[in-house]
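Student: Work out the full structure, taking the sequences as your base and the hints as a guide.
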Amino acid sequence: MRETLLLLGFLGLIVSTLWWPRPVLRTAGGLLLGGLVAVFVAPAHGLLAACLGGAPVALLAGWWLPGRVHRRVCFMVLTLGLLVYVTTLLMFLAPGNPFRQEKQANEQVEAALREKYGVPEDATAFFGVYMQRLLTEGSLGPSIKNQGRTVAELILPAFPVSLALGMTALVIATGLGLWLGVRAGLRPGSVADQGSMALAMVGISLPNFVIGSLLVMGFALELGWLPVAGWGGYRHLVLPALTLALPYAAYIARLARGGTIEVMQQDFIRTARAKGLSERAVVLKHALKGAILPVVSFLGPAAAGIFTGSFVVENLFGIPGMGQWFVKSAINRDYSVVLGAALIYCSLLTVFNLLVDMAYAWLDPRIRETL
Amino acid sequence: MSAAPASTSSLPEAGTSLGADAWRRMRRNRVAMAGLVVLVLVSLACFLLPPLMGMDPQAVDARRGAQPPGGEHLLGTDTLGRDYLARVLVGGQTSLLVGLVATLVCVLIGTLYGATAGYYGGRVDELMMRFVDFLYGIPYMFLVVLIMLLFEDEARGNPLPVFLALGAVQWLSMARIVRGQVLALRHQEFVLAARLTGASDTRIILRHILPNVLGIVIIYATLTVPAVIILESFLSFLGLGVDLSWGRLVAEAVAVINPIRSYGWLLLWPSLALALTLFSLNFVGDGLRDAFDPRSRR
Amino acid sequence: MHPAPSRAEPVLEVKGLTTEFVTDGGVVRAVDGVSFSLGRGEVLGLVGESGCGKSVTNLSILGLLPRPQGRVVAGEVRFGGRDLLQASEAEMRAVRGNRIAMVFQDPMTCLNPYLTVEEQLAEVGQLHLRLSRASAVERAVSLLTRVGIPDAALRIRAYPHQFSGGMRQRVMIAMALLCDPDVLVADEPTTALDVTIQAQILDLLADLRRERGMAVILVTHDLGVVAGCCDRVVVMYAGRVVEEAATGPLFAQPMHPYTQALLASVPRLSGAAHGRLASIGGLPPRLDRGPFRACAFLPRCSQRRAACEAGEPALQGRGTGRWSRCVLQPGELA
Numbered sequence: 004m005r006e007t008l009l010l011l012g013f014l015g016l017i018v019s020t021l022w023w024p025r026p027v028l029r030t031a032g033g034l035l036l037g038g039l040v041a042v043f044v045a046p047a048h049g050l051l052a053a054c055l056g057g058a059p060v061a062l063l064a065g066w067w068l069p070g071r072v073h074r075r076v077c078f079m080v081l082t083l084g085l086l087v088y089v090t091t092l093l094m095f096l097a098p099g100n101p102f103r104q105e106k107q108a109n110e111q112v113e114a115a116l117r118e119k120y121g122v123p124e125d126a127t128a129f130f131g132v133y134m135q136r137l138l139t140e141g142s143l144g145p146s147i148k149n150q151g152r153t154v155a156e157l158i159l160p161a162f163p164v165s166l167a168l169g170m171t172a173l174v175i176a177t178g179l180g181l182w183l184g185v186r187a188g189l190r191p192g193s194v195a196d197q198g199s200m201a202l203a204m205v206g207i208s209l210p211n212f213v214i215g216s217l218l219v220m221g222f223a224l225e226l227g228w229l230p231v232a233g234w235g236g237y238r239h240l241v242l243p244a245l246t247l248a249l250p251y252a253a254y255i256a257r258l259a260r261g262g263t264i265e266v267m268q269q270d271f272i273r274t275a276r277a278k279g280l281s282e283r284a285v286v287l288k289h290a291l292k293g294a295i296l297p298v299v300s301f302l303g304p305a306a307a308g309i310f311t312g313s314f315v316v317e318n319l320f321g322i323p324g325m326g327q328w329f330v331k332s333a334i335n336r337d338y339s340v341v342l343g344a345a346l347i348y349c350s351l352l353t354v355f356n357l358l359v360d361m362a363y364a365w366l367d368p369r370i371r372e373t374l
Numbered sequence: 023m024s025a026a027p028a029s030t031s032s033l034p035e036a037g038t039s040l041g042a043d044a045w046r047r048m049r050r051n052r053v054a055m056a057g058l059v060v061l062v063l064v065s066l067a068c069f070l071l072p073p074l075m076g077m078d079p080q081a082v083d084a085r086r087g088a089q090p091p092g093g094e095h096l097l098g099t100d101t102l103g104r105d106y107l108a109r110v111l112v113g114g115q116t117s118l119l120v121g122l123v124a125t126l127v128c129v130l131i132g133t134l135y136g137a138t139a140g141y142y143g144g145r146v147d148e149l150m151m152r153f154v155d156f157l158y159g160i161p162y163m164f165l166v167v168l169i170m171l172l173f174e175d176e177a178r179g180n181p182l183p184v185f186l187a188l189g190a191v192q193w194l195s196m197a198r199i200v201r202g203q204v205l206a207l208r209h210q211e212f213v214l215a216a217r218l219t220g221a222s223d224t225r226i227i228l229r230h231i232l233p234n235v236l237g238i239v240i241i242y243a244t245l246t247v248p249a250v251i252i253l254e255s256f257l258s259f260l261g262l263g264v265d266l267s268w269g270r271l272v273a274e275a276v277a278v279i280n281p282i283r284s285y286g287w288l289l290l291w292p293s294l295a296l297a298l299t300l301f302s303l304n305f306v307g308d309g310l311r312d313a314f315d316p317r318s319r320r
Numbered sequence: 057m058h059p060a061p062s063r064a065e066p067v068l069e070v071k072g073l074t075t076e077f078v079t080d081g082g083v084v085r086a087v088d089g090v091s092f093s094l095g096r097g098e099v100l101g102l103v104g105e106s107g108c109g110k111s112v113t114n115l116s117i118l119g120l121l122p123r124p125q126g127r128v129v130a131g132e133v134r135f136g137g138r139d140l141l142q143a144s145e146a147e148m149r150a151v152r153g154n155r156i157a158m159v160f161q162d163p164m165t166c167l168n169p170y171l172t173v174e175e176q177l178a179e180v181g182q183l184h185l186r187l188s189r190a191s192a193v194e195r196a197v198s199l200l201t202r203v204g205i206p207d208a209a210l211r212i213r214a215y216p217h218q219f220s221g222g223m224r225q226r227v228m229i230a231m232a233l234l235c236d237p238d239v240l241v242a243d244e245p246t247t248a249l250d251v252t253i254q255a256q257i258l259d260l261l262a263d264l265r266r267e268r269g270m271a272v273i274l275v276t277h278d279l280g281v282v283a284g285c286c287d288r289v290v291v292m293y294a295g296r297v298v299e300e301a302a303t304g305p306l307f308a309q310p311m312h313p314y315t316q317a318l319l320a321s322v323p324r325l326s327g328a329a330h331g332r333l334a335s336i337g338g339l340p341p342r343l344d345r346g347p348f349r350a351c352a353f354l355p356r357c358s359q360r361r362a363a364c365e366a367g368e369p370a371l372q373g374r375g376t377g378r379w380s381r382c383v384l385q386p387g388e389l390a
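Residue numbers (this note's numbering), protein chains in the order written: chain Y, 4 to 374; chain A, 23 to 320; chain R, 57 to 390.
Since the hints were made in silico from the structure, they are not lab data.
Among the clues, some could well be false.
[Unchecked claim] With a cut-off of at most 16 Å between alpha-carbon atoms, the simulated EDC-like pairs for lysine to aspartate or glutamate come out as follows: (1) Y:288 - R:174; (2) Y:331 - Y:360; (3) Y:292 - Y:360; (4) Y:288 - R:132; (5) Y:148 - Y:125; (6) Y:292 - R:175; (7) R:71 - R:145; (8) Y:288 - Y:270; (9) R:71 - R:139.
All values reported here derive from a predicted model rather than from experimental measurement.
Tutor: Here it is in structure tokens:
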């Protein structure tokens, strides 16, 4: 009951940022940004330094940044908070807990362990403990299942691995997809078009672990060109990144094709031709921007899909990334590791989404004013 | 072609409804029709063959472990000596069922949500769609993994939780599409007419508006089925899904791959079944979309 | 009214232009044997219902038909001593936007929403006049000022959506005039605009024509526009020319029943309370059923004769500069 109310309150707060008046937004946005700085500074340099660092940032940000950035910041911070809460709730609802799974645990031992790791029986109380630790100490807490290790120790080394894999895949997916899609869209019905779309259909219709297994059997087992699995060096990156990228490349190709066809039918393309521009100039200067807009708006979901899709690919290729930790810890009910991984993934994606929105506004001047 | 007096045929042929017209175009799309046939065949094979031929996906033939296809076991056996044909067919039941039922859940939630938002418009619409935007921002794999944890004990052998979990995360696009359509429809005269006769909002939504968005809902539902099947196979692959599905079979096959023996057929058959089904579904979905909206093709 | 155009030496001559489209339902002959000539400095009105082939005629002249569906199957377009239909793509590009420029119907969709007006105007000067970017912009600003855009030097940096419809059409006209073209093709330039704006744009076009001495093809379905602006009129129906005449005589004595019907459907203030406006019953014929066995207008014509069924009438001379595609002599028309 209390959880439901809290959940609804949280949701209402997030959704209401849409209608917050300017001054409220500015204040809240400035405070949140300053607070973020303080959280990062506090553990290393003490509370005084945190206040000294956070206050000017809050003031400057509240003063200088445009309103829509404030709105975004409020939305993002609150969303992350809600995400942590929902994750906590779901984990506590799931059968079992990290202590009871150990066979010898009796009730006293469990109580002692709960005390030691800061895990109360109640989800909301745990959320309180977790957030307090996060905000005052800037710490993700200790891992429950990996004794003596903190979550940061476990996850942070895995973060660059997942990031490298995800970014490579994203670049491959976007590059390949745009190239195939725009080419196809310029000549609908041609051989190039039908070939690209057949390829895209394969990419969409095969789950990535099937593609991955086939790639491994071909390039690693049969040809021996690339390592089967593991991590270290760019040669280990090729197959997993490709596996992760291909379905999204296929999707992007279809979107880019649709966008290109749509744009090429627009009146302003006819105007551009009537000016005497070469076909090349018509496409590159007048059509391309509009053609890739649908792709740009898909980049947010694509990034989410690719970064979390690495759950499967990391598993398949035995890559020591964050996805492995997330799934393993979720199954083991290692609450703090799951929350830490979720927090990092979602921060990454929110920042990425902000960049995508900015790119979209840069591409489409009509959006700029409404954002 | 003889030149008819030009005027007699200047009006479009009467009596071809939108649906009939679309079906005519669909029938001309050979790839889509082939997809439809394949789908029917795959479904029939998965649901009729095992009971008719008394196949048991769990029966262990201990002397014949990891047999390549051929002989007594048409598709070979897995490493424990279970008949692979039976396992692929029964696994297909789960995958197809998950795809179908999760899509129904998704259609139900998405259509009602989208229709409500679009019909009432204004603040209600803004609030509801803002919530959808918010959910869009959350990587759905997180949610699915977490939701699956809730049902961990029950999930074995009972695919219902999977349906729920997958339907619960897939309805967002459906809601957006339906809302857009309804937003355009709600100011049309026939809705006004219905309102003038005193029909309630619920009745207008259910009887007058939803039938008009049915076409697009069907199209996107067809494209949702493969997405759900893929998602289910991810979960199975991670060990979170149901006991026996195509995704689980692929995962088992990948687990036994090693440089010396790759047991290729173990990977081949479920992958092939999965690919064939998903191909067909996507082709049918694309075909339907082209048939209902000829503009999108060119 | 206007200085008498010189008929001696046409700047553009279209002969027997025939254009077809390949569609799902078969081949549609959208333009069938259209001929006309355009004198230097002349304003020629191209009139007819929607779908009668006016726009397709213009797109064919400039080689801008949508490909691969549309293609010119016969005819000749004489311009600058050669046949544009035979010209290479590179030669056509040198003509388009330079010697023959075009203004389209809907200024809302014809300007690129993703580029500033400066970008879209300057590229024409850079391309055809080989101007530097700076002087291309300078030229663009002076033309924008000429077409009546206030603060042009500032406004040129705006995007199309920041202009009103009338202003956008002015931008389109400035864009078309950047290279001082010999021929301006204006395809329904005022149809998408408010009535008051329409008059302003038409006045602007008339002024600019007088200043620069360019010839104009004015496509319209609005006979009021024709009466006010054009020297000569070509009436099109179902992809063919059905009547051609100087503006005055055409309005005074139309020689084709279709032209008559068009004129009758224009509301007149002086006509007092006639009750209803005349409208033309029925729809234009389908163009995908091969050649016509009778007059294309026959099913809708109020003055049918037996002779009309005999076959499609040819375009016949009716005195100097007058042509009509009707079996009836002027005296026989109601």
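Student: Would you mind marking each hint as holding or not holding in the structure?
Tutor: Hints, verified against the model:
1. Y:288 - R:174: Within the cut-off at roughly 14 Å; holds.
2. Y:331 - Y:360: Status violated; Cα separation ~33 Å.
3. Y:292 - Y:360: The hint holds at about 15 Å.
4. Y:288 - R:132: Distance of about 32 Å is beyond 16 Å: violated.
5. Y:148 - Y:125: This hinted pair is violated, its Cα atoms lying about 19 Å apart.
6. Y:292 - R:175: Holds, at about 14 Å.
7. R:71 - R:145: Violated, at about 21 Å.
8. Y:288 - Y:270: holds (15 Å)
9. R:71 - R:139: Answer holds: residue 71 of chain R to residue 139 of chain R is near 10 Å, not above 16 Å.
The structure is inconsistent with the numbered hints 2, 4, 5, 7, although it conforms to all the rest.
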